[in-house]
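Asker: So the chains spell out like this:
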Amino acid sequence: MFEFLCLVLGKATPLFLAGLGGLLSESSGVVNFALEGMMLFGAFAAVWATGATGSPWWGLLGAIAAGMLTGVVHAVASLKWRVNQIISSICLNLLAAGLTGMLLNEVYGVYGTSPSVEHLPEVGGGVSALTPLAILAAAGVTALFRRSAWGLHIRACGENPLAAASAGIGVFRTRLVAIAVGGGLAGAAGAFLSIGVLSQFVEKMTQGRGYLAVAALILGRWKPSGVLAAAFFFGLLDALSEWMAVRWMDLPQQLFLAFPYLACFAVLAFRFGAMRPPSALGRVE
Amino acid sequence: MKFSVAVLAPLGAGMLFCVLLSLATGNGPFALMTTIGQGAWDGAQNAASTVVKVTPLLLSGLAVSLAYHAGLLNIGAEGQLTLGALAAAVVGCAAGALPPILLAPLTLLAGAAVGGLWALPAVWLQEKRGVHEVITCLLFNYIAAYLADFLAQGPLGDGSAMARTPLIADGAVWPCLARFGGVGVTFAPFAAVLLALLVHAWLTRTAWGFEMMASGTNPFAARAAGVPVSAWRRRAFAASGAIAGLAGAFEVVAVHHRFYAAFSPGYGFDGIAVAFLAGNAPGWLWASSLLLASLRSTDKWLQIILGMSPNAITLIEAVLLLAVVSRTGWERLAASVASRISARGGPGPDAPPDVPSVAEERGR
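Chains A and B supply the protein sequences, listed in that same order. Residue numbering for the first sequence follows the numbering used here, beginning at 996 and increasing consecutively. Residue numbering for the second sequence follows the numbering used here, beginning at 281 and increasing consecutively.
In case anyone wonders, no lab produced these hints; they're calculated from the structure. Heads up, the beta-carbon is just placed ideally off N, CA and C, and yes, glycines get one too. Please note that a few of the clues may not be correct.
Pair ranges (Cβ atoms, derived) [said to hold, decoys possible]: (1) B:W482 to A:R1271: 33 to 39 Å; (2) A:R1142 to B:F500: 47 to 53 Å; (3) B:A561 to A:R1266: 34 to 40 Å; (4) B:Q583 to A:E1113: 27 to 33 Å; (5) A:M1270 to B:F500: 18 to 24 Å; (6) A:A1158 to B:A304: 43 to 49 Å; (7) A:Y1106 to B:D322: 21 to 27 Å; (8) A:M996 to B:A304: 34 to 40 Å; (9) A:V1102 to B:V617: 35 to 41 Å; (10) B:G489 to A:W1052: 55 to 61 Å; (11) A:Y1106 to B:K408: 39 to 45 Å; (12) B:D322 to A:F1167: 46 to 52 Å.
Listed below are the simulated DSSO-like cross-link pairs for lysine-lysine, each with C-alpha atoms no more than 30 Å apart in a straight line [as the list claims (entries may be wrong)]: (13) A:K1218 to B:K408; (14) A:K1075 to A:K1218; (15) B:K580 to A:K1199; (16) A:K1199 to A:K1218.
Which chain A residues stay away from chain B? Per the calculated CB distances, all over 10 Å, these [to be verified]: (17) C1001; (18) W1052; (19) W1053; (20) A1072; (21) G1120; (22) P1127; (23) I1130; (24) A1210; (25) V1241; (26) A1264.
Extracted from the complex, chain A is given alone in its bound form:
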């Protein structure tokens, strides 16, 4: 049972970190479907920085930096160049898939899978040290929204940017910072995949988890505690499908591989709670 719980935590952590990143961005009013790309860049940067410095902690920092940079591109493209925020996100996801695959060949001379590097330490039970850090980050984000003026600024930009601007808040700057910090969290989620559970980068290793993180954000109704619960729930489904795959070896394995996506669709189809995204989400001023 304890082992299963640890497995769930491991599955939930990347979704949760990326979901928090998405929460920061979407609370400021900018749709962020680029979590997938941010995670992928983060996963690659983590392996590269770990290999270059020898320390996985530098790898984690590298991943955060890569995610932040992707966030800045998303912010500039969607806010300054007025690219539709969803199109910009999809561009970035495509860019991440292409660039990481290409860099893998240019840096390491291999296709598909990078050489092994050292991974982040565990805190016991196979749980990566990044998991407690992620929970700390959640506490930080909750405190940010509940207690700080900056959190209020972010939400003001997401609810009514014109009012925020007339109250003297720099809307673009606030959004830029929110998206970049969110990108950093998504990058850390990518690092969890590459140097948390594994110790290498695999091409397209995010496997749609960035989109599952957005689903967790929707399911969590744009609240930090909601995102935490939704990510934990998805982690549970993911762990359950792995457990079932071992338990019922004679059933088609594709069923268990598809199970998390199917279950995600099923829970999104349920009607519960107030569906109230930030009012200005996705709008162009």
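Given chain A, work out where chain B should sit, using these hints.
Answerer: Leaving out everything else, chain B in the frame of chain A:
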């Protein structure tokens, strides 16, 4: 001037990027573009295999742009194409006893129907629960891939160790117009262009097409004018899925003659780039799909001649796409350059007006 900026700037940016990428990987400045040009068009066989790739790319692009005109983004073309191909392969094999005159359309119809059905949950969830269709489409892409993999390996497989269905009946196979080396070109690419032109005419010349476009560009005005906006969005999305399914069906009847696991090398995702490179105008999809087909048919040459990862193509595609959709960025750049050149005294031309259409505004 606006048109030329919107078209030329992205193409220039794309070429510049190719030069930079070429230099960054230790090749001559034009090595990448030359390799792409030669790999895609040098020799009849290469040209034929590029033209063959136009069919799925153009139809995926048509699927994306049709949905986009109704204000929806269909990134589920990959899954719809996969299942459409599987359905066409199954019908083409199981109904093999029918006369060809019935069998050929039935095969295509099966692909289109399954593709259309696979698209419906996304638009349903968007309407009833407010979940963006992109999320559902993505989930359904994964589900489709695993479902098709399972079916091709198990119940619908041909019994061999490979995950594939049996060959379709001869009556369902489209005859080759000509063969170049090992590559046969059928009527399929031309049929795809024809279909795109038909959709273009339907959108721009009929009242229904106008209603559908109005539902996308300004749903509020359309609703006020009595247009059934939700119905049009559902129809457009189902039609979009059907066209993506048709893309898979064409691949089966014209190229592979069966379905096998991992059927699509990402045609559905490339459809997004095809659609946006053509400015979502179905009448121009032939050009953007030719460009994408040229890129996609050269990825192995990049690996052999330049030692470059085939992912370079995806990267170029992403940069092109970003350059095309950043139109406001280019126009502002052009306006600021023009104003700097034209006048010290008088004011130069202003930046483009900041009036995005409702479709652009609709984020979620």
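Asker: Would you assess whether C1001 of chain A, listed as outside the interface, keeps its beta-carbon beyond 10 Å of every beta-carbon in chain B?
Answerer: holds, 25 Å
Asker: Hey, does A1210 of chain A actually stay past 10 Å from chain B on C-beta?
Answerer: violated, 5 Å
Asker: Can the suggested window of 34 to 40 Å be confirmed for the beta-carbon pair M996 of chain A and A304 of chain B?
Answerer: Given range 34 to 40 Å: violated, Cβ gap about 52 Å.
Asker: If I take the minimum Cβ distance from G1120 of chain A to any residue of chain B, is it greater than 10 Å?
Answerer: holds, 29 Å
Asker: Would you assess whether I1130 of chain A, listed as outside the interface, keeps its beta-carbon beyond 10 Å of every beta-carbon in chain B?
Answerer: Non-interface label on I1130 of chain A holds, nearest chain B Cβ at 25 Å vs cutoff 10 Å.
Asker: Does K1075 of chain A pair with K1218 of chain A here, judged by a C-alpha cut-off of 30 Å?
Answerer: Between K1075 of chain A and K1218 of chain A the Cα gap is close to 27 Å, so the pair holds against 30 Å.
Asker: Starting from the range 27 to 33 Å, see whether the pair Q583 of chain B and E1113 of chain A falls in it by beta-carbon distance.
Answerer: holds, 31 Å
Asker: Go ahead and decide if the range 43 to 49 Å is satisfied by the Cβ distance of A1158 of chain A to A304 of chain B.
Answerer: holds, 46 Å
Asker: Just to be sure I understand the hint, the distance between the Cβ atoms of D322 of chain B and F1167 of chain A should be within 46 to 52 Å; is that true here?
Answerer: holds, 48 Å
Asker: Is 34 to 40 Å respected by the C-beta to C-beta distance linking A561 of chain B and R1266 of chain A?
Answerer: About 38 Å separates the Cβ atoms of A561 of chain B and R1266 of chain A, which means 34 to 40 Å holds.
Asker: Determine whether the non-interface label on A1072 of chain A survives the test: each CB of chain B must be over 10 Å from its CB.
Answerer: violated, 6 Å
Asker: Run the distance test for K1218 of chain A versus K408 of chain B: straight-line Cα separation, threshold 30 Å.
Answerer: holds, 21 Å
In this structure, the hints that do not hold are numbers 2, 8, 20, 24, 26, in rising order.
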